[in-house]
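Number of protein chains: 2
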Amino acid sequence: MKIILAQQNYHIGNFESNTQKIIEAIEEGKKQQADLMVFSELCICGYPPHDFLEYNDFIEKCNESISIIRSHTQGIGVLVGCPSVNEKKEGKNLFNSSYLLYNNEVVDVVHKTLLPTYDVFDEYRYFEPAYTWHTMVFKGKKLAVTICEDIWNLGDNPLYRICPMDELIRDLPDVMINLSASPFDYTRIEERKSIIQANVEKYKIPMIYCNTVGSQTDIIFDGGSLVFDKHANLLKEGKYFEEDMITVNFLDDGTFEEIILASSEDISSVAWNPSVYDQHLHTDRIYDAIVLGVKDYFSKMGFKHAIVGSSGGIDSAVTLAIACDALGKENVHALLLPSQFSTGHSVDDAVALSKNLGNPCDLIAIKPVFDAFMEQLKPIYKDLPFNLAEENIQARTRGNLLMAVANKFGYILLNTTNKSECAIGYGTLYGDMAGGISVLGDVYKMQVYALANHINRHGEIIPQHIIDKAPSAELRPNQKDSDSLPDYSVLDAILYQYIERRHGAKEMVALGFNKSIAEQTIRLVHLSEYKRNQFCPIIRVSPKAFGMGRRVPIVAQYPS
Amino acid sequence: MKIILAQQNYHIGNFESNTQKIIEAIEEGKKQQADLMVFSELCICGYPPHDFLEYNDFIEKCNESISIIRSHTQGIGVLVGCPSVNEKKEGKNLFNSSYLLYNNEVVDVVHKTLLPTYDVFDEYRYFEPAYTWHTMVFKGKKLAVTICEDIWNLGDNPLYRICPMDELIRDLPDVMINLSASPFDYTRIEERKSIIQANVEKYKIPMIYCNTVGSQTDIIFDGGSLVFDKHANLLKEGKYFEEDMITVNFLDDGTFEEIILASSEDISSVAWNPSVYDQHLHTDRIYDAIVLGVKDYFSKMGFKHAIVGSSGGIDSAVTLAIACDALGKENVHALLLPSQFSTGHSVDDAVALSKNLGNPCDLIAIKPVFDAFMEQLKPIYKDLPFNLAEENIQARTRGNLLMAVANKFGYILLNTTNKSECAIGYGTLYGDMAGGISVLGDVYKMQVYALANHINRHGEIIPQHIIDKAPSAELRPNQKDSDSLPDYSVLDAILYQYIERRHGAKEMVALGFNKSIAEQTIRLVHLSEYKRNQFCPIIRVSPKAFGMGRRVPIVAQYPS
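Quick note, the sequences are listed as chains U and X, same order. Anchor point for the first sequence: position 79 equals 79 in our numbering, and the numbering is continuous, going up by one each time. Anchor point for the second sequence: position 553 equals 1553 in our numbering, and the numbering is continuous, going up by one each time.
The reader is advised that the hints may include incorrect statements.
Derived lysine to aspartate or glutamate pairs resembling DMTMM-like cross-links, with alpha carbons at most 20 Å apart [to be verified]:
1. K367(U) - E1375(X)
2. K1141(X) - D1108(X)
3. K295(U) - D325(U)
4. K139(U) - D171(U)
5. K1506(X) - D57(U)
6. K1544(X) - D57(U)
7. K408(U) - E1375(X)
8. K202(U) - D266(U)
9. K1506(X) - D51(U)
10. K1544(X) - D51(U)
11. K1531(X) - E1507(X)
12. K531(U) - E1375(X)
13. K544(U) - D1035(X)
14. K1506(X) - E60(U)
15. K1408(X) - E375(U)
16. K1408(X) - E90(U)
17. K1378(X) - D371(U)
18. K1506(X) - E64(U)
19. K408(U) - D1383(X)
20. K1139(X) - E1054(X)
21. K515(U) - E1060(X)
Hints are computed from structural coordinates only; laboratory data are not their basis. Since this is a predicted model, take the numbers as computed values, not measurements.
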């Protein structure tokens, strides 16, 4: 039996293009004389569809797509993910389902059992879990078809009381097939291999795992579909961060006719150790994920041109380099917006950067606009001393100028805030926090440096001076980030403990952190919740990004 | 048995103040020789605590509060809501629980079964549902204690497969007691009475229902605690939108020694009919809810002064009047920001409004700043015609000036955008969409008019000319909203169908709406998703507000 995994990039709600893409893969499968095509979770509508699922109109369009695709399955089996209606009066209205289509018919449908409802996932908001299980029979083989999270409880996951494969294994299936929409974070690739290996070792049958690829606003799906033999050896691994088609021949004796990519022992050794935090870890993956995030945001929104405020600092330099890689240098417009407090090298560095990148770059001085603001505010400000208010006016003048150019020419403003700044509120709302999408909002400052070095790995793209100089917002004379913040190496480590590891001050002290710096940092995180609430979507690369996956009250007194 | 319901306003995560408040009520209960005090759901930490629940430190603080409160229960029973740890390896880490404290001990704990996971609710994200049930025994009475949603499935709610009261009734309890955190919307008060009445009619025992009160960022809890006798007559009804203590005497024969407020028949007749939409419905309640929302946002955040951009239009007028009511007129600063396109009456109307309200008001002309922007942009804009970009610069200049005054003096900017504008993206990001909290973002334009008339019910506060004139953003010569939008009466009705009722264009046509206006409106809602994503929290008064309760992908192509 020839099986093809179609690892594809979908557009949420764009039924026409998703259906077309699926049909093209099926036609290619027919040419290759495949018996069965495996697609990914909710591929019909794209994942995650969120509250679109509450619209009957949306569900009808899903069903229409199934009908169209069904009519292309003469002689070929097709497994696709799609919501289906729960016909019973009891339970939520929908299931998250997998359809087996064959010879122009819907042959079988199974439903997802384990519905992730944590971090960025809200599946229990929409779906009823499966309460009965059966294998699908296709060409004499028994297929244990599950959906994504279904294979993530091997009896030791406290989120769930059920293990669907324990139910399915009673039917003595020949192979496990999992349709997935498993998002990327820098811990994920090893975790995923480990859990699949553990399933194969437990159930002793092969596993075919088809993941989706592509970015959906903030969430990146990295592909990397997998095929394991029954001895838990890795036979096939799909490409990461791009579409792919993977062909396997499943033989009558239950084995695959394949070369082993990695043996069971090799895989165990790469398993992720979640207690380790190294800011340089997997910088290459993080870079690729962010490039895909920018690229898909623009292509799926129908945008072409980006604009970036280029300050001569490291955050905007890395943002600009990523944008040029994702969108093409000619489509990325740098705007230099020096203030009276900007040092000469800032402009020089920003100009040198755009020269290296080859992207267009303009300069507008902000002082005349700042002066006009101050003149109009004089009757109200009177003789009050220069403080944060004036700093914010400058940052917002920049934001306004960037948006003015963006609006006039149809560019999209890329935000340059990093996760450390975002965490502690070191930024101006409607100023440097403006933008359509945040490129670096899920990488701490130390990771931004690692990305800069990664970008320069084959030669200098980001001028070394940008990497070496002390970070500064340049909103008052001789300002440096270190005037008001601890060293980024300390700050990032504390933030990692608080955000990713959910450790409070007490736990951090036990880990050896300074109590007052830890408490002060946590307090800053809490006090800036209102700012992040108005921040743009952040391309997610960590296990805990700001945004949909982290929901914290704004009006609160905790930690007090 | 004397029972007191304590309907209180909590501060999320502020364990000190919540604990203090609960103890004060207990001491008052002791004075009144109460046998049992009933508090509301998760009163220990405040509701909704969101991802704070993922911090062990937070759960420890909950437990410490229980210990402190416990030591005040000599001779008095106390029912409080608090998260509790699931000691089993299986299932999520926490329960949403109700503790019975008595004589300085934790006497009993029961858990919530039905975990709302829809709209603004995310309970399944954190909590394991109860799988076993028992009544609590207190002073010889059997108490069937449930938590909020637990009483909302009478066998006909497709969200749930379990009905916890069906389990508890087997113990032959004497009374139902429900600890609730049930948020307000303009349909909710009748719905709540109906469901409680239906429970009493089904189980034929009395119901004591204690709700919380107060605003938590965007969500308003309206109080209105209820006591029903076993014949489903309403005996007691707590105040709305304020704290209250309600005393009832529960007699040995299972009845209350009370006067009937409303008979079972009266309550049925007020049941909400969800198919009706009348924009004037319950304007008084909506007004009270928004006032509480503004008031609590400021008091719980520790703010005192608000600033409002006063344009002479109806949205800013209603916002200003509400703010003066909530915060005191001397604490609300109006800032008039006329452009070269503002008509003379705009300034006159805004000045007259602040004269009527008695609040301070300043004026800054925006033209000099706008001109400075245009001068700096000239080398890039060249001779391109005036368009939306220049309109946005004006709106953002206003936003920047409002924030400049706010930042200098520690004021909080109140946003004046209404739900109709917010829905179709008729507003400028970082301009008129700026602000700490949105006062009118959940009321459609026609409801804003109703609120204006409500404010004027005892005499003119909002000058009649503001109510009568045609709405305009005044960002280009002779601009009117009606140049680019359908009549608000039509627009609002379509938006209501799309947002609140989840009807697509096809369903709206069947209801008699114009197809192309419906489709165009839906398209505008979709295209402005990215703007709402960066909008401030909206005080929620409808069953479907923008914000946490409505989660829609930004990068999507639906409706296509």
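Hint by hint, here is what the structure shows:
1. K367(U) - E1375(X): Between K367(U) and E1375(X) the Cα gap is close to 12 Å, so the pair holds against 20 Å.
2. K1141(X) - D1108(X): The given pair, whose Cα atoms are some 14 Å apart, holds under the 20 Å limit.
3. K295(U) - D325(U): Cα-Cα ~9 Å, so holds.
4. K139(U) - D171(U): holds, 16 Å
5. K1506(X) - D57(U): At roughly 8 Å apart (the allowed maximum being 20 Å), D57(U) and K1506(X) satisfy the hint.
6. K1544(X) - D57(U): Measuring from Cα to Cα gives roughly 18 Å; hence the hint holds.
7. K408(U) - E1375(X): With a Cα-Cα distance of about 15 Å, the restraint between K408(U) and E1375(X) holds, given a limit of 20 Å.
8. K202(U) - D266(U): Holds - the C-alpha atoms of D266(U) and K202(U) are around 18 Å apart, at most 20 Å.
9. K1506(X) - D51(U): Measuring from Cα to Cα gives roughly 18 Å; hence the hint holds.
10. K1544(X) - D51(U): holds, 12 Å
11. K1531(X) - E1507(X): violated, 27 Å
12. K531(U) - E1375(X): Roughly 31 Å between the alpha carbons, so the hint for K531(U) and E1375(X) is violated.
13. K544(U) - D1035(X): Outside the cut-off at roughly 47 Å; violated.
14. K1506(X) - E60(U): Holds, because 11 Å separates the two Cα atoms, which is no more than 20 Å.
15. K1408(X) - E375(U): Distance of about 15 Å is within 20 Å: holds.
16. K1408(X) - E90(U): Given pair K1408(X), E90(U) is violated - Cα atoms ~57 Å apart, limit 20 Å.
17. K1378(X) - D371(U): holds, 17 Å
18. K1506(X) - E64(U): Holds - the C-alpha atoms of E64(U) and K1506(X) are around 15 Å apart, at most 20 Å.
19. K408(U) - D1383(X): With a Cα-Cα distance of about 12 Å, the restraint between K408(U) and D1383(X) holds, given a limit of 20 Å.
20. K1139(X) - E1054(X): Outside the cut-off at roughly 36 Å; violated.
21. K515(U) - E1060(X): holds, 18 Å
In summary, the structure is inconsistent with hints 11, 12, 13, 16 and 20 from the numbered list given earlier, while agreeing with the others.
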